[in-house]
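The chain contents come next:
2 protein chains.
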Amino acid sequence: MSTRKYSSTSREQLAESLFDIAATRGLDAASVREVATGAGVSIGAVQHHFATKDDMFLFAFTHVVDRVRARIDTGNSTGTLTDRLTDALSQLLPLDDERDREARVMTAFAVRAANSDTLGSVQRDTLAAIRAELTDILRAARIAKPELRATLLLAIVDGLTLDALSSSGLYDAAQLTDALTEQIRLVIGND
Amino acid sequence: MSTRKYSSTSREQLAESLFDIAATRGLDAASVREVATGAGVSIGAVQHHFATKDDMFLFAFTHVVDRVRARIDTGNSTGTLTDRLTDALSQLLPLDDERDREARVMTAFAVRAANSDTLGSVQRDTLAAIRAELTDILRAARIAKPELRATLLLAIVDGLTLDALSSSGLYDAAQLTDALTEQIRLVIGND
Numbered sequence: 001m002s003t004r005k006y007s008s009t010s011r012e013q014l015a016e017s018l019f020d021i022a023a024t025r026g027l028d029a030a031s032v033r034e035v036a037t038g039a040g041v042s043i044g045a046v047q048h049h050f051a052t053k054d055d056m057f058l059f060a061f062t063h064v065v066d067r068v069r070a071r072i073d074t075g076n077s078t079g080t081l082t083d084r085l086t087d088a089l090s091q092l093l094p095l096d097d098e099r100d101r102e103a104r105v106m107t108a109f110a111v112r113a114a115n116s117d118t119l120g121s122v123q124r125d126t127l128a129a130i131r132a133e134l135t136d137i138l139r140a141a142r143i144a145k146p147e148l149r150a151t152l153l154l155a156i157v158d159g160l161t162l163d164a165l166s167s168s169g170l171y172d173a174a175q176l177t178d179a180l181t182e183q184i185r186l187v188i189g190n191d
Numbered sequence: 001m002s003t004r005k006y007s008s009t010s011r012e013q014l015a016e017s018l019f020d021i022a023a024t025r026g027l028d029a030a031s032v033r034e035v036a037t038g039a040g041v042s043i044g045a046v047q048h049h050f051a052t053k054d055d056m057f058l059f060a061f062t063h064v065v066d067r068v069r070a071r072i073d074t075g076n077s078t079g080t081l082t083d084r085l086t087d088a089l090s091q092l093l094p095l096d097d098e099r100d101r102e103a104r105v106m107t108a109f110a111v112r113a114a115n116s117d118t119l120g121s122v123q124r125d126t127l128a129a130i131r132a133e134l135t136d137i138l139r140a141a142r143i144a145k146p147e148l149r150a151t152l153l154l155a156i157v158d159g160l161t162l163d164a165l166s167s168s169g170l171y172d173a174a175q176l177t178d179a180l181t182e183q184i185r186l187v188i189g190n191d
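Each protein sequence line maps, in turn, to chains X and L. For what it's worth, the numbering used here labels the leading residue of the first sequence as 1, then goes sequentially. For what it's worth, the numbering used here labels the leading residue of the second sequence as 1, then goes sequentially.
Calculated directly from the structure, the hints in this document are not laboratory data. Don't be surprised by glycine CBs; every beta carbon is placed ideally from N, CA and C. Mixed in with the good hints, there may be bad ones.
Distance ranges between label pairs, derived from CB positions [to be verified]:
{"id": "1", "chain 1": "L", "residue 1": "67", "chain 2": "X", "residue 2": "142", "range": "40 to 46 Å"}
{"id": "2", "chain 1": "L", "residue 1": "11", "chain 2": "X", "residue 2": "12", "range": "44 to 50 Å"}
{"id": "3", "chain 1": "X", "residue 1": "142", "chain 2": "L", "residue 2": "11", "range": "54 to 60 Å"}
{"id": "4", "chain 1": "L", "residue 1": "189", "chain 2": "X", "residue 2": "33", "range": "50 to 56 Å"}
{"id": "5", "chain 1": "X", "residue 1": "10", "chain 2": "L", "residue 2": "83", "range": "25 to 31 Å"}
{"id": "6", "chain 1": "L", "residue 1": "140", "chain 2": "X", "residue 2": "53", "range": "48 to 54 Å"}
{"id": "7", "chain 1": "L", "residue 1": "79", "chain 2": "X", "residue 2": "147", "range": "24 to 30 Å"}
{"id": "8", "chain 1": "L", "residue 1": "79", "chain 2": "X", "residue 2": "52", "range": "50 to 56 Å"}
{"id": "9", "chain 1": "L", "residue 1": "175", "chain 2": "X", "residue 2": "142", "range": "35 to 41 Å"}
Required output: the full structure, derived from the provided sequences and hints.
Printed below as a string of structure tokens:
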């Protein structure tokens, strides 16, 4: 069978190789050749799964976004409003090694999306969906201006993440958690 | 004189060429060759001003950061607290063509700074300085938790900017302004 020699890898495994490169050296370094080397397969094996580098990038971005969104959706839906928002938004902050790696990858893709219609479309759908979920939670709790404040909650985690990752450790995990806690407190009006 | 043939350009002009490329095609596309072409000079002219591509990137990042920070410093210092914070923070949002271009450039450098000690150092100093200025303004106005809330104000503009630029127009300028206004209102406690 013509696909036999590629059976040792998958699109998901190649995406993991891309994430490793993007998180440590940046997305610029994630060439088809480097992704193949990282996955321990041939360039042909990558090309078997992805016709172009753009296809590989689109799959990888969608893959990481889906994974993070699935984790947001599994957030505690029976806790207090503060707990629910904290659980969901904490998934987007670089608070441990896994989330740090994901945040680096997602932020790098976000910047690339500024100049790419296909990546920009994924980013737009992702932000709109997360904002809609946050809006629903705030509206159900009768918080004023739910959509505007959902915009602020989403922007605060994206901004804290960008500021933390880009500044060689200006903020540690405890500071990021404190900042998120304060923002949620301001948005939902608890003192 | 050996420098005569390079007299038609300057480090600042080369940085502008780099900004044009970074804002429209991304920082990956800003090679020495492309910067030279954009500036209408030879590769040798770029190499005369910058020994390496990293040197060029460091100068360009510092240059755009200095320009934006100078504009923040010229903010109205006699208006209300809301006016002063709005004036300063609006400089960091992509509200017109000039700020959109700068925001694209600074965001691209921020992501690159995640994997670069030299760029990360510039980013760290920049964020720390802006946060300190915001903290001073909040503290002088006797706002509670001034440093924590300054962290939130900085993160909100960085997050709104990243979300707006990356999502193919999810937010327009009016929405960004409304979001900033609401965040300032929440942080300083005015109703």
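Inset, instruction - Report the numbers of all earlier hints that the structure fails to satisfy, in ascending order. - result: Result: hints 5 and 9 break, sorted rising.
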